[in-house]
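Let the hints inform the model, and build the full structure from the sequences given.
Protein chains: 2
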Amino acid sequence: MIRGIGGQILWVDLTKGRIDKKPVDEDLVEKYLLGAGFLSRMLFDMIPLGIDPFSPKNVLGIATGLLTASMFPQSSRHVVAGLSPLTEIWGESHAAGFWGPELKLAGYDAIMFLGASKDPVYLNIENDKVDLLDASHIWGADVFETDDWLREKHGKRTRTLGIGQAGENLVRFAAIMNDRDRASARAGLGAVMGSKNVKAVAVRGTGKIEVADSKNYLKQMDIFFDRMLANPFTKERVKYGTTNLLELMNHIGRLPTYNMKQGVFEKYEKISGETITQHYLVKPRADWNCLQRCGRYTRVKTGPYKYIGGSPEFESQSSLGSRCGNANIESILYTHHLANMYGMDTISLGATISWAMEAWDEGLLTGEDTGGIDLSWGNHETIVKLTEMIALREGFGNILAEGSERAAARIGRGTEEFVMTVKKQEIAGQEPRAQKSMGLAAVTAARGADHLYAFPVLDEAGFDVEIKKRFGNEYLPEIADRLNPKFKGVMVKECEDYMVVIESLGLCKYGTQIPPEFYYEDVAAALRVHNGLNLSKQDLKTIGERIVNLNRLFNVARGVTRKDDSLPDRLTKEPSPVGPPKGQVVELDDMLSEYYEHRGWDVETGIPLPETLKCLGLEKDWKELL
Amino acid sequence: MIRGIGGQILWVDLTKGRIDKKPVDEDLVEKYLLGAGFLSRMLFDMIPLGIDPFSPKNVLGIATGLLTASMFPQSSRHVVAGLSPLTEIWGESHAAGFWGPELKLAGYDAIMFLGASKDPVYLNIENDKVDLLDASHIWGADVFETDDWLREKHGKRTRTLGIGQAGENLVRFAAIMNDRDRASARAGLGAVMGSKNVKAVAVRGTGKIEVADSKNYLKQMDIFFDRMLANPFTKERVKYGTTNLLELMNHIGRLPTYNMKQGVFEKYEKISGETITQHYLVKPRADWNCLQRCGRYTRVKTGPYKYIGGSPEFESQSSLGSRCGNANIESILYTHHLANMYGMDTISLGATISWAMEAWDEGLLTGEDTGGIDLSWGNHETIVKLTEMIALREGFGNILAEGSERAAARIGRGTEEFVMTVKKQEIAGQEPRAQKSMGLAAVTAARGADHLYAFPVLDEAGFDVEIKKRFGNEYLPEIADRLNPKFKGVMVKECEDYMVVIESLGLCKYGTQIPPEFYYEDVAAALRVHNGLNLSKQDLKTIGERIVNLNRLFNVARGVTRKDDSLPDRLTKEPSPVGPPKGQVVELDDMLSEYYEHRGWDVETGIPLPETLKCLGLEKDWKELL
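Residue numbers (this note's numbering), protein chains in the order written: chain A, 1 to 626; chain B, 1 to 626.
Since the hints were made in silico from the structure, they are not lab data. One or more of the hints may lead you astray.
Claimed, not checked - Straight-line alpha carbon distances no greater than 27 Å define the calculated DSSO-like cross-link-like pairs of lysine-lysine that follow:
#1 K623/A - K541/B
#2 K267/B - K537/A
#3 K385/B - K614/A
#4 K469/A - K486/B
#5 K541/A - K620/B
#6 K22/A - K468/B
#7 K31/A - K385/B
#8 K623/A - K270/B
#9 K614/A - K537/B
#10 K620/A - K486/B
#11 K385/B - K270/B
#12 K22/B - K614/A
Here it is as structure tokens:
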């Protein structure tokens with residue numbers, strides 16, 4: 001029997017208004033773990049081909065990991081998944097917080113939303129008691145108002161997850177928010193929740209988690225805590241979170257600036273982590289069992305951008321800042337706050353606005369398109385204004401709410417050239433001409449451009465020792481050179497396999513990948529003491545590979561092949577104009593072929609080879625697709 | 001670092017008289033463990049194609065397992081392997097005793113004998129000190145004399161392994177003996193040792209074994225001990241060893257009688273375990289860390305068969321008894337004693353004699369062939385006489401020393417029809433018409449007819465619960481029915497995979513397979529505390545499959561295909577004439593196809609499919625063979 005979990009899956013049929021509880025399938029866990037792997041398997045089998053993401057036939061899954069709510073450092077996470085309205089392929093997003101652990105303590109490992117409700121509803125969970133309740137009166141409310149109302153009604157200790165107006169309005173990059181300002185932002189799954197008429201999930205869980213080996217449990221976790229605390233990155237994280245990555249990224253020329261035309265921003269100091277920390281930081285804030293506390297509260301005391309609340313991390317900071325040529329830090333902090341309030345992905349938000357700004361700069365967009373709004377680089381009033389208009393689908397915001405690729409397709413006139421997406425999802429804050437592995441990772445990610453699917457950051461800070469440990473000597477020094485495309489196929493493949501495992505356990509990638517403090521052996525040890533699962537390093541690697549291949553099959557079944565694994569021409573053909581990567585392009589083709597080869601995928605088509613699927617026990621899935 | 005082992009491999013180049021010590025390759029251990037898996041990998045790479053088994057280019061490997069000398073119940077075993085003189089394909093045989101643990105305590109996990117010595121030698125190991133010494137004066141001595149002499153010279157606590165006259169005389173079923181009466185008997189590897197002019201290996205080891213997790217080690221082993229002691233089989237084993245299997249086998253009609261013409265012996269009571277225990281047993285005897293004590297001493301006090309010493313177990317008892325129609329128990333005990341003394345496999349010995357007896361009975365052999373010896377069924381004086389003549393290659397014994405298949409080929413006249421072999425090795429004491437799984441196992445075993453390669457005895461005693469646990473409900477009740485050929489392909493495949501793992505760990509199959517007290521999870525736990533290896537159930541299964549496939553490739557490279565995986569017509573075409581299996585034949589073709597399918601081998605040829613090899617990391621080995 002698997003320990004250390006809630007043990008039940010909630011099946012919520014919204015069409016019928018029916019709720020079932022079923023025990024976790026232990027055989028499935030041994031092959032896919034929980035979290036991302038669990039949803040990959042379930043939704044692959046459940047979501048029909050050829051449907052619209054907003055169809056009631058789409059399934060929205062929310063799952064915790066095998067170690068969520070454990071004492072493993074930073075085990076606070078849950079995952080949401082479904083057919084993405086943005087990419088129309090595999091959609092998946094993750095968030096930290098306390099909501100996931102609360103769900104686990106209520107006795108549940110996942111919630112599967114099927115069908116669609118006729119009227120707005122929310123799911124209320126109080127341990128054994130689970131109800132679908134009327135949400136008409138909070139339909140239209142923002143995320144904070146919804147949280148306030150639910151906690152007023154069900155108790156202050158209730159944890160909530162839900163959507164704001166963006167999700168209700170089917171903004172294609174709407175987020176599912178939890179604990180007010182934590183966001184499962186990418187892939188637009190907030191809009192899927194909106195399409196199902198589900199406003200929120202309130203949870204109160206006061207149960208216990210029984211661990212498998214109570215005798216060795218605390219001992220093992222103590223070791224992990226000590227290692228995490230001793231890691232030099234931890235201290236820095238507590239101080240800056242991820243905000244001072246902005247300085248590093250600018251330094252190495254990887255900071256997307258002016259819609260990714262370049263990788264350095266001349267005014268970077270104005271929006272740096274140091275600036276935020278000195279002038280706006282209230283306090284760092286930890287999610288469940290977090291030691292690094294990247295989360296933080298900030299405050300703008302006066303002026304038009306006055307607020308107090310959750311603070312942007314590097315991605316929002318760069319996306320709403322340098323990417324839009326915006327050096328007004330208070331506007332960045334405030335726009336991020338608004339995005340949380342409306343429930344939107346700040347990466348796609350900033351990237352979509354920056355696309356529009358470049359089109360404006362090139363004269364392809366005018367006031368006629370925008371309803372008179374000025375889209376000059378760095379116009380922070382416009383950024384704030386558009387954020388609201390997108391969430392509420394007003395005016396020009398209604399076009400941008402479709403994401404940059406669909407917006408450009410609608411407007412035409414050559415604006416398509418400035419779209420910085422992969423598979424219709426906006427590329428995150430990693431200018432790949434300055435770090436080739438990130439360029440490859442963006443195209444291989446199953447969920448559209450996504451920096452976290454592989455999170456191949458080992459070359460970024462020159463983790464030579466870690467690289468040697470993981471990949472062996474043969475790949476050094478090329479693999480550690482972020483401008484050298486060589487061996488990046490190996491690295492991205494291996495990182496993907498490991499990362500989907502981490503995402504199936506509910507762990508934070510900081511700590512498990514960077515700083516490189518924990519690896520397969522450590523999570524295997526945790527699974528032993530916490531869950532009583534005896535999975536070896538090799539088992540976990542195979543599980544990772546199995547999940548990645550199943551995600552790929554999900555997409556292949558929907559038409560994805562090598563041709564779709566591509567970057568905008570800007571990144572592969574236009575040499576970076578300034579800074580450290582000056583003259584560089586992403587040599588994507590070579591890296592991609594190397595990646596396919598390591599994956600055991602056909603190099604021509606990018607489709608997994610039958611023998612690869614056989615080794616992973618996926619041959620049946622493939623045959624069913626044919 | 002792997003713990004719980006000696007840590008060194010002894011490389012003995014007999015041609016050059018040179019001894020090297022090399023550390024154990026830990027990467028190899030993670031893929032093949034030690035023992036049988038280790039030798040499978042090493043010898044696959046080292047033994048050239050197209051050589052004679054008696055060529056100096058043959059390699060004789062002797063290895064202990066990863067758990068040999070541990071406190072795991074019954075962890076006393078070592079394995080010998082090389083190109084077999086009997087089958088001319090993969091040859092491997094195992095024995096219990098104290099010699100293997102002693103080698104381990106001397107600091108060595110294996111010995112690899114390369115080349116051939118010009119003059120007789122023996123290897124003397126006293127911890128660090130390892131010497132090749134002159135054995136001229138003991139060449140020609142029997143096994144007991146050799147042991148006496150070595151212990152006289154090197155100390156009473158010295159453990160010895162070696163050959164008697166049969167090995168020196170290249171009898172094709174000569175055994176390698178250890179601790180006087182323990183035999184690595186099958187496959188004729190004693191003759192390979194003889195061909196290399198190596199008489200013996202004397203070992204004295206006084207070192208320590210450091211276990212990986214000393215804190216949990218004893219605790220874990222205590223659990224295993226208690227379980228083993230509580231198993232109802234254990235008590236019976238202490239009383240009878242395996243000798244009372246004879247009654248069971250006769251009862252279910254699986255007791256080879258009259259050269260396997262039938263499966264019941266009308267005089268079985270005269271040679272039963274009960275008879276031995278009542279009249280001849282001196283005491284049961286344990287090998288290293290053995291709880292069941294199948295080994296025993298017996299004594300015949302008077303008459304021509306007077307002796308005291310090691311006692312036959314079921315295989316010798318049936319082979320030299322019912323198989324030859326011999327109801328004289330004292331002659332059986334004595335012949336077994338002689339076979340130990342000369343160093344011969346009692347299974348091939350009895351089977352070869354019984355083949356000759358049937359040919360005599362049919363009038364195809366006469367006194368002219370035998371030098372006047374009467375070969376009537378059950379003539380025990382003849383059996384005793386021929387045993388000596390075979391070992392010394394005298395007269396008709398010189399022909400029989402080639403094994404029954406070569407002897408029949410030489411004599412011709414239709415005697416070939418009575419040869420009960422698979423791949424030239426005599427089928428052991430399991431009449432397969434009474435237990436279909438054993439018929440399949442005999443043909444799929446990599447080392448010629450061999451009941452222990454799969455040891456698929458789960459259906460024998462109706463272990464329904466165990467079968468359900470291992471194979472799931474879908475196979476019941478057919479899999480548990482020993483006369484039903486259905487699902488036997490699954491069972492034999494799974495048993496083979498598990499058994500090669502057990503043979504790579506140095507464990508006894510009683511306890512790990514029957515009674516079904518230990519399974520993958522348990523050996524995984526033992527490997528953790530003893531060796532510090534974190535291998536999961538799935539890892540171990542994959543390792544088992546890898547070894548079986550590599551053994552198969554060894555044979556495929558030497559011409560083995562489906563056509564060689566066959567039984568004598570008697571067993572597949574002639575219905576069993578009497579007893580419980582009356583009217584039964586072995587439906588080999590169907591079972592074999594099912595087996596190949598489960599193995600991922602081509603059903604037409606029996607050759608592993610490329611994708612199967614790829615999953616096991618053996619694709620390179622296959623390509624090199626092509």
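Which earlier hints can't be squared with this structure?
-> Result: hints 2, 3, 4, 7, 8, 12 break, sorted rising.
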